[in-house]
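Visitor: Converting from the sequence shown to this note's numbering requires adding 35 to each position, the first position being numbered 1.
None of these hints come from the bench; they were simulated from the model.
All of these numbers come straight from a predicted model, not from anything done at the bench.
Positions of the beta carbon are idealized from the N, C-alpha and C atoms, including for glycine.
Do not take every clue at face value.
What the hints assert, rightly or not - Just the calculated beta-carbon pair ranges, DEER-fashion: (1) Ala258 <-> Pro378: 28 to 34 Å; (2) Pro302 <-> Pro81: 45 to 51 Å; (3) Lys146 <-> Pro81: 26 to 32 Å; (4) Phe382 <-> Tyr303: 23 to 29 Å; (5) Glu425 <-> Phe382: 42 to 48 Å.
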Amino acid sequence: METVDYTLLGLTTFIFAAWCFNWSLHIVSLIYGKWKFNRKLNPAVPLEELPGVSIIKPLLGVDPHLFENLESYFNIKYPQYELLFCIQDEMDAAIMIVQSLLKKYPNIDAKVFVGGKPVGINPKINNMISGYKAAKYDLVLISDSAIYISEDAVLDMVLTLTENTGLVHQMPYACTRKGFASHMEKIFFGTQHAKMYLVANLLGINCATGMSSLMRKEVIEEAGGLSHYSQYLAEDFFLAETFLKKGWKVRIAHQTAKQNSGTYSMPYLYTRLTRWAKLRTAMVPSLIFWEPVSQCLVLGVMNALSMSYLFNWTASVIFLVHCLIWFLFDYILIKVLEKGPLPFSKFEFLVGWIINEVTYFCVIIRSHWDSTIVWRTKRFRLRWGGIVEELHTKQTV
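The whole structure should be built from the sequences, with the hints applied where relevant.
Guide: Here you go:
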């Protein structure tokens with residue numbers, strides 16, 4: 036055989052092996068997800084002996100579901116916890132909603148911190164730092180304003196925080212809301228995102244998100260305190276990295292983080308996905324290569340051409356079978372997370388799945404186009420390693 040033939044044989048064999056490996060990830064995510072999200076832990080000690088939890092809620096602005104989301108935290112079934120609401124701007128309307136809930140639930144241990152402190156670049160940490168320093172329990176749960184929590188979610192997270200576990204995070208999913216944009220959120224977080232999230236956690240790879248994370252405060256203090264992470268936008272990744280480096284386990288809970296934002300749309304979703312893609316590749320540069328080729332359509336085309344060369348099979352048929360099986364596996368996985376029938380028809384899922392698979396490659400390309408990140412009302416320039424610097428708009432007189 037000539038050199039070109041050997042090269043093609045090696046390349047096509049490698050692609051075929053990568054394709055087989057990717058299917059193993061599908062199978063592992065289904066088995067692990069089915070096991071993880073159908074377990075219910077029972078405490079080994081009386082509930083009163085469980086450690087207390089300080090729940091930090093950073094707030095910015097008001098959306099139609101904010102009251103509902105915050106009220107869910109006043110109805111948690113857990114013996115010892117406190118709510119620490121952190122609001123940066125004293126004119127923020129979220130203060131009125133929090134105050135109304137404090138009056139409605141006077142027996143709940145809750146406090147409001149207004150103003151924050153400028154300890155670094157990250158505006159979320161600047162907002163939370165006062166509440167964090169005032170936390171009276173060693174277990175700290177950081178939970179975003181758009182998260183709706185189940186009554187037993189804190190109990191589940193505490194029971195998951197075993198002796199050798201330092202951080203427990205809930206895998207992001209989405210509540211059922213009206214409109215196709217809500218369906219698209221469910222489809223993304225329940226298929227493509229869920230598969231990689233579950234496998235990464237099972238293999239001990241850092242995949243933690245800061246939407247809903249319970250952690251040991253003493254470990255954070257040993258690393259320099261929460262303010263140490265204010266140099267990063269993706270503080271959740273670096274917090275989890277600290278625990279892993281110190282020998283602690285990082286685990287996912289048995290319930291998902293239920294995103295229930297009242298402000299959502301297709302452009303808003305893709306803006307979030309693009310921002311996250313930028314942060315991921317800045318922190319883990321190898322994803323620049325691996326993430327695109329792990330997508331259904333890209334991997335399907337590559338494998339169809341490879342199998343056509345190796346086995347002389349029809350490439351178009353291989354590609355269509357690949358997409359069909361991928362679709363079926365994703366459908367099973369999202370039903371595992373939903374724990375029942377989906378809130379939309381199979382046809383709507385098919386349309387949303389196709390849109391997600393076709394457009395996500397564009398999200399990846401777009402994320403490499405510009406290193407600037409717009410978050411809330413501020414703009415940042417992202418550097419390798421995840422460190423950012425704030426960009427200030429020049430004003431003319």
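Visitor: Could you run down the list of hints and mark each one as holding or not?
Guide: Taking the hints in turn, this is what the structure says about them:
1. The beta-carbon spacing between Ala258 and Pro378, approximately 41 Å, falls outside the hinted interval of 28 to 34 Å.
2. At roughly 50 Å, the beta-carbon separation of Pro302 and Pro81 lies within the given 45 to 51 Å, and the hint holds.
3. Judged by the Cβ atoms, the range 26 to 32 Å given for Lys146 and Pro81 holds: they are separated by roughly 27 Å.
4. Checked against the hint of 23 to 29 Å, the C-beta distance between Phe382 and Tyr303 comes to roughly 24 Å, which is consistent with it.
5. Restraint check, Glu425 to Phe382: a C-beta distance of roughly 45 Å satisfies the suggested window 42 to 48 Å.
The structure is inconsistent with hint 1 alone, although it conforms to all the rest.
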